[in-house]
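Fit chain W to the given chain B structure using the hints.
Residue numbers (the working numbering), protein chains in the order written: chain B, 1 to 110; chain W, 111 to 223.
Because the hints were derived from the structure by calculation, they are not lab data.
Here the structure is a predicted model, which means the values were calculated and not measured.
Wrong hints could be hidden among the right ones.
[What the hints assert, rightly or not] In silico DSS-like links for lysine-lysine, alpha-carbon gap of 25 Å or less: (1) B/Lys56 <-> B/Lys97; (2) W/Lys123 <-> B/Lys97; (3) W/Lys167 <-> B/Lys97; (4) W/Lys180 <-> W/Lys113; (5) B/Lys59 <-> B/Lys36; (6) B/Lys36 <-> W/Lys180; (7) B/Lys36 <-> W/Lys163; (8) B/Lys70 <-> B/Lys36.
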Amino acid sequence: GQQVMQIPQYQHVQEGEDFTTYCNSSTTLSNIQWYKQRPGGHPVFLIQLVKSGEVKKQKRLTFQFGEAKKNSSLHITATQTTDVGTYFCADNTGGFKTIFGAGTRLFVKA
Amino acid sequence: DVKVTQSSRYLVKRTGEKVFLECVQDMDHENMFWYRQDPGLGLRLIYFSYDVKMKEKGDIPEGYSVSREKKERFSLILESASTNQTSMYLCASWAGANTGELFFGEGSRLTVL
Numbered sequence: 001g002q003q004v005m006q007i008p009q010y011q012h013v014q015e016g017e018d019f020t021t022y023c024n025s026s027t028t029l030s031n032i033q034w035y036k037q038r039p040g041g042h043p044v045f046l047i048q049l050v051k052s053g054e055v056k057k058q059k060r061l062t063f064q065f066g067e068a069k070k071n072s073s074l075h076i077t078a079t080q081t082t083d084v085g086t087y088f089c090a091d092n093t094g095g096f097k098t099i100f101g102a103g104t105r106l107f108v109k110a
Numbered sequence: 111d112v113k114v115t116q117s118s119r120y121l122v123k124r125t126g127e128k129v130f131l132e133c134v135q136d137m138d139h140e141n142m143f144w145y146r147q148d149p150g151l152g153l154r155l156i157y158f159s160y161d162v163k164m165k166e167k168g169d170i171p172e173g174y175s176v177s178r179e180k181k182e183r184f185s186l187i188l189e190s191a192s193t194n195q196t197s198m199y200l201c202a203s204w205a206g207a208n209t210g211e212l213f214f215g216e217g218s219r220l221t222v223l
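Chain B extracted, bound-state conformation (with noise of 0.2 Å):
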């Protein structure tokens, strides 16, 4: 069935370092959705990405889907304390229902 594998599965960062997860699939996506959650707290919907190529930003974050829609890539710049939390990317092809990679959990150190 659907699955998306999302890399590394933990990233330790200094204040002020760059972070990137990555999301790849097997198969063609017709779009890829990108999540946060906080510790203690539920996933937010931070943005989707539909088009071949499309890149998009959100102050530090960046986020990119492949050229042949098999991958994705959330990057953070100079990351901030208030970063902290797992990053998911959800493969929503299927229609209305949402499949989730595993996540990457950030940790930033003050």
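Coordinates of chain W only, in the frame set by chain B:
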């Protein structure tokens, strides 16, 4: 402000008990979902519903059932709780294909002893 409300934040049940987890959304969304979240496994889809009285199995439906009698309410039922169902359960409703956004509740942490 959109809202998905789960009835219980924390529950402790004994093996074999019947457990009801309730979820209500106020956004008039047609599609609702139940996920469970376990460390290292991300969010796994248990069941979803695209209309009243309609339901579809997700990836891990075994040991669970659901009920959708009203559009705003989606319940997850554990007929006979087992220790391997100790987990965080997250309900979500879907805003539709335009944004694709899922709105999540705060989660229900279930411990089965």
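Status of each hint after checking the structure:
1. B/Lys56 <-> B/Lys97: Satisfied, since the Cα-Cα distance of roughly 23 Å is no more than 25 Å.
2. W/Lys123 <-> B/Lys97: violated, 30 Å
3. W/Lys167 <-> B/Lys97: With Cα atoms ~10 Å apart, W/Lys167 and B/Lys97 stay inside 25 Å; holds.
4. W/Lys180 <-> W/Lys113: holds, 16 Å
5. B/Lys59 <-> B/Lys36: Satisfied, since the Cα-Cα distance of roughly 15 Å is no more than 25 Å.
6. B/Lys36 <-> W/Lys180: violated, 30 Å
7. B/Lys36 <-> W/Lys163: violated, 31 Å
8. B/Lys70 <-> B/Lys36: Given pair B/Lys70, B/Lys36 holds - Cα atoms ~21 Å apart, limit 25 Å.
When held up to the earlier numbered hints, the structure conflicts with 2, 6, 7 and fits the remainder.
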